[in-house]
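> For the protein sequence lines, the chains are L and W, in the order given. Quick note: the first sequence uses our numbering, first residue -6, plus one each step. Quick note: the second sequence uses our numbering, first residue 923, plus one each step.
Heads up, a few of these hints could be off.
To be verified - Cross-link-like lysine-lysine pairs, in silico, DSSO-like; alpha carbons within 27 Å at most:
no. : chain 1 : residue 1 : chain 2 : residue 2
1   : W       : LYS991    : W       : LYS1079
2   : W       : LYS989    : W       : LYS1051
3   : L       : LYS(-2)   : L       : LYS16
4   : W       : LYS991    : L       : LYS72
5   : L       : LYS16     : L       : LYS28
6   : L       : LYS72     : W       : LYS989
Unchecked claim - Simulated coverage check for chain L against chain W, where a stretch passes if three residues somewhere in it have a Cβ under 8 Å from a Cβ of chain W:
no. : stretch
7   : -1 to 11
8   : 36 to 47
Stated by the list, open to error - Simulated DEER-style distance windows between Cβ atoms:
no. : chain 1 : residue 1 : chain 2 : residue 2 : range
9   : L       : GLN75     : W       : ALA1030   : 22 to 28 Å
10  : W       : ASP930    : L       : ARG21     : 33 to 39 Å
11  : L       : VAL68     : W       : SER973    : 25 to 31 Å
12  : L       : THR50     : W       : GLY1023   : 34 to 40 Å
13  : L       : GLN75     : W       : SER975    : 24 to 30 Å
14  : L       : LEU14     : W       : SER973    : 44 to 50 Å
15  : W       : ASN969    : L       : LEU14     : 20 to 26 Å
16  : L       : ARG35     : W       : ARG1041   : 36 to 42 Å
17  : W       : THR1058   : L       : LEU14     : 34 to 40 Å
18  : L       : GLU51     : W       : VAL1022   : 41 to 47 Å
No wet-lab data here; the hints were simulated from the structure. Using N, Cα and C, we set each Cβ at its ideal position, and we do this for glycine too.
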Amino acid sequence: MLSCKDVTRLISESMDRSLPLRKRIGVRVHLLICKFCARYERQLLQIREMARHIVATEEKPGEPYWETLSEEARVRIGKSLQQH
Amino acid sequence: MGNPASSDPSEWVDRYGDYLFRYAMLRLRDRSGAEDMVQETFLAALNSRGSFSGGSSEATWLVGILKHKIADHYRHQAREAPLEGGDLSEHPDAGNFDGVGHWTAGPAEWGGNPADLYRQGEFLEQFRKCLSGLSTNHANAFTLREIEGLGTAEVCKVLNITETNLWVILHRARGLLRRCLETRWFGTAAGKGS
């Protein structure tokens, strides 16, 4: 029998490789009866979505949560470009 | 029209500086490191302007150079700080299991519609803070796998680790991120906010 601790590890592993059949079935059966592990899986998949979303919005300028180059860095980099 | 190649380098900082900086910030999680990386990228671009074919956009060309530099940086960090026992040993939710590995305190319901969540700058900021809170090895592995979207074999090559170790590291990274988000956002901020 897989414990919740085992299952959480295997949930993550299944996001990186295809689990061997026996383990895969063990995880699926466990998820049917354990709401915490099922929730854990949903949340890890949601975190993957979040990362993809951040990348997708990366090119949009002016998003409030993104920092910009500091004025000091802007000047410094501008100067270094002129010197070459 | 003469050379279709790159634009005037004196305009680069204004045109691409913030974009490249954001790109580097997300992956390096360090302001001065990211600024230096932007500078290095522009200088490398200046020295290899001949390699810009005009086939892709100038922004894409510059990001390509930056990408290489970031990968070098990861390789360097992996050499400087190889994996330690602590990177691999403990389960990220160790304190939440009993002796036989069953939840004593299970994950909380996050609630809310993910699509709405992503529109909130504050949430994404918390996500990045949680990522910055991980150890370098965990954060770099997560970034290569989930932000860059590399396959596990490629991530292993950059970080110079085995696949088995990568699974453990990613498991820990995801688990710690999950807990951090639950505490920082879903547990407290979300409750307060709504």
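> Confirm or reject each hint.
Hints and how they fare:
As the CA atoms of LYS991(W) and LYS1079(W) are separated by approximately 16 Å, the hinted pair is consistent with the 27 Å bound. Of the supplied pair hints, the one linking LYS989(W) and LYS1051(W) holds, its CA atoms being roughly 22 Å apart against a limit of 27 Å. A distance of roughly 14 Å separates the Cα atoms of LYS(-2)(L) and LYS16(L); the hinted pair therefore holds under the 27 Å criterion. For the given pair, LYS991(W) sits about 21 Å from LYS72(L) by alpha-carbon distance, which is consistent with the 27 Å threshold.
Distance hint between LYS16(L) and LYS28(L) is fulfilled; the C-alpha atoms sit about 19 Å from each other, no more than 27 Å. At most 27 Å may separate the alpha-carbon atoms for a hinted pair to count; LYS72(L) and LYS989(W) meet this at roughly 23 Å. Evaluation of the coverage hint for the stretch -1 to 11 of chain L: fulfilled, as 8 residues show C-beta separations to chain W shorter than 8 Å, against a requirement of three. Restraint check on the stretch 36 to 47 of chain L versus chain W: 11 residues with Cβ-Cβ distances below 8 Å, three needed, restraint holds.
Between GLN75(L) and ALA1030(W) the Cβ separation comes to about 54 Å, which falls outside the hinted range of 22 to 28 Å. The supplied range of 33 to 39 Å is broken by ASP930(W) and ARG21(L), whose beta-carbon atoms lie about 59 Å from each other. At about 27 Å, the beta-carbon gap between VAL68(L) and SER973(W) stays in the expected band of 25 to 31 Å. Range check, THR50(L) to GLY1023(W): Cβ separation about 38 Å, and the 34 to 40 Å hint holds.
Taking 24 to 30 Å as the suggested C-beta distance range, the pair GLN75(L) and SER975(W) conforms, at roughly 25 Å. Taking 44 to 50 Å as the suggested C-beta distance range, the pair LEU14(L) and SER973(W) conforms, at roughly 48 Å. For ASN969(W) and LEU14(L), the Cβ-Cβ distance of about 53 Å falls outside the hinted range of 20 to 26 Å, so the restraint is violated. A hinted range of 36 to 42 Å is violated for the C-beta pair ARG35(L) and ARG1041(W), which are about 20 Å apart.
Between THR1058(W) and LEU14(L) the CB atoms are about 36 Å apart, so this pair conforms to the stated range of 34 to 40 Å. Evaluation of the 41 to 47 Å hint for GLU51(L) and VAL1022(W) yields a pass: the beta carbon distance comes to about 44 Å.
In this structure, the hints that do not hold are numbers 9, 10, 15 and 16, in rising order.
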